[in-house]
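Q: Read off the chains here:
There are 2 protein chains.
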Amino acid sequence: MKIIKVGASVTQSNDRDAELQRLQLKAKGQLMINLMSSPGSGKTTLLSRLIRDMKDVKIAVMEADIESAVDAERIEALGAKAIQVHTDGMCHMDAGMTARSLQAMDDDESELIFLENVGNLICPAEYDTGAGLNMMILSVPEGDDKPLKYPLMFEKSDALVISKTDALPYFSFDVSRCCERARKLNPQIRIFPVSAKTGEGMGELEAWLREKLAGWKAGGKEV
Amino acid sequence: MKIIKVGASVTQSNDRDAELQRLQLKAKGQLMINLMSSPGSGKTTLLSRLIRDMKDVKIAVMEADIESAVDAERIEALGAKAIQVHTDGMCHMDAGMTARSLQAMDDDESELIFLENVGNLICPAEYDTGAGLNMMILSVPEGDDKPLKYPLMFEKSDALVISKTDALPYFSFDVSRCCERARKLNPQIRIFPVSAKTGEGMGELEAWLREKLAGWKAGGKEV
Chain A
1 MKIIKVGASV TQSNDRDAEL QRLQLKAKGQ LMINLMSSPG SGKTTLLSRL IRDMKDVKIA
61 VMEADIESAV DAERIEALGA KAIQVHTDGM CHMDAGMTAR SLQAMDDDES ELIFLENVGN
121 LICPAEYDTG AGLNMMILSV PEGDDKPLKY PLMFEKSDAL VISKTDALPY FSFDVSRCCE
181 RARKLNPQIR IFPVSAKTGE GMGELEAWLR EKLAGWKAGG KEV
Chain B
1 MKIIKVGASV TQSNDRDAEL QRLQLKAKGQ LMINLMSSPG SGKTTLLSRL IRDMKDVKIA
61 VMEADIESAV DAERIEALGA KAIQVHTDGM CHMDAGMTAR SLQAMDDDES ELIFLENVGN
121 LICPAEYDTG AGLNMMILSV PEGDDKPLKY PLMFEKSDAL VISKTDALPY FSFDVSRCCE
181 RARKLNPQIR IFPVSAKTGE GMGELEAWLR EKLAGWKAGG KEV
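Just so you know, the protein sequences line up as chains A and B, in that order. Numbering-wise (the working numbering), the first sequence opens with residue 1 and increments by one. Numbering-wise (the working numbering), the second sequence opens with residue 1 and increments by one.
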């Protein structure tokens, strides 16, 4: 497993870099998904479940963290390709950092590439990484008021995964209220309540990912 | 309830501003505590419990958020002084922002002033706010591996509150492993496992806060 260290990009033209990255990945039929959430909302657990469930799809994961390699080790133990990216203290990934990580991974085979962004509900939403899709996770224990406090993340995400639904009996989290608040910010957002532990709701999420991957490969205008 | 908007401070000398702020608060016998954590780890719930439990101590709360006023409303409903601070998109509070918030609050009466920082386990750790103590929360659902991934926050905190211990039966969180990891980064850190819901562990935390407040007022070198 590789561990690389990437600092902030020198270029200021993040959006242009991101767009270029997206076109390059599209040409290779590789769909990159930028996965964002607070620390501890279950990004790695969700990815582990997807890797186990979707064995027919070639999946790779870029794990971005300030320190440690625990997440990449977990992914690699499942037999998927993983690379650990250390952000040198940075609280988010930008397009340049992502491009260097992709280069270090050197992988033209994988169809779905997940970028597990730094655990942070604020800063990652401000930077286009060049991913084809933005997916965020909000876990049940975090509370259904989060769209009110961190609106940009909900606005920028194509999909919201409400994770740890198996914990719903123990927390006062109103799923429909959360969906309503998220849709008020982003009417197009797709919402998937799931439990990666029990598997509840994973089928819908996986079907959506397959559909998006097929669309991406077909090269249609819509992702 | 006031809602003020503060952007990044113009001054670059954050540490000097913070030190000045600390001295001014000390002269007034007011202990400010910078409370930091991920989104949804229970900062407002913990503060609500402290306000209910410590009625003999005058407590004020500055709620820093990117948007919304839900937290300040919750605190005000308990009869405590609260001010909502909007950070204009900023992912943390710095000393200048904190000074302007204190000025807007205009309160020489309160003995304990909590600064509920923006929900973020990364950026707030990088900025001295001028608080007398840094306190962080890690909630059980977030996982016991967080010291490995967000070391600076653990290094900078005088106290670590492990919250939502009532949820321990439902999550694989090893309290002693978490404590060990936190102490490896910061041997002096005080650790308080608590449930603000059931009250478990709150007594120890409250005793510590009273002790720190008394020390602060006595003006000793040690906080």
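None of these hints come from the bench; they were simulated from the model. All residues carry an ideal CB built from backbone N, CA and C; glycine is no exception. Do not rely on the hints blindly, as some may be mistaken.
[Claimed, not checked] Here chain B is said to cover these stretches of chain A; the calculated rule only asks that three of the stretch's residues, wherever they fall, bring their Cβ under 8 Å from a Cβ of chain B: (1) 18-30; (2) 79-88; (3) 127-134.
[What the hints assert, rightly or not] Simulated crosslink set (EDC-like; lysine to aspartate or glutamate; CA at most 16 Å straight-line): (4) Lys184/A <-> Glu67/B; (5) Lys217/A <-> Glu109/A; (6) Lys197/B <-> Asp174/B; (7) Lys184/B <-> Glu67/A; (8) Lys156/B <-> Asp174/B; (9) Lys26/A <-> Glu126/A.
[Unchecked claim] Facing chain B, according to a computed beta carbon distance under 10 Å, are these residues of chain A, among others: (10) Ser48; (11) Asp65; (12) Val140; (13) Pro141; (14) Tyr150; (15) Ala159; (16) Ala167; (17) Phe171; (18) Val175; (19) Ser176; (20) Cys179; (21) Met202; (22) Ala207; (23) Trp208.
Q: So, against the hints stated earlier in the document, which numbers end up violated here?
A: Violated hints (numbers, rising): 1, 2, 3, 6, 8, 9, 10, 15, 18, 19, 20, 21, 22 and 23; every other hint is consistent with the structure.
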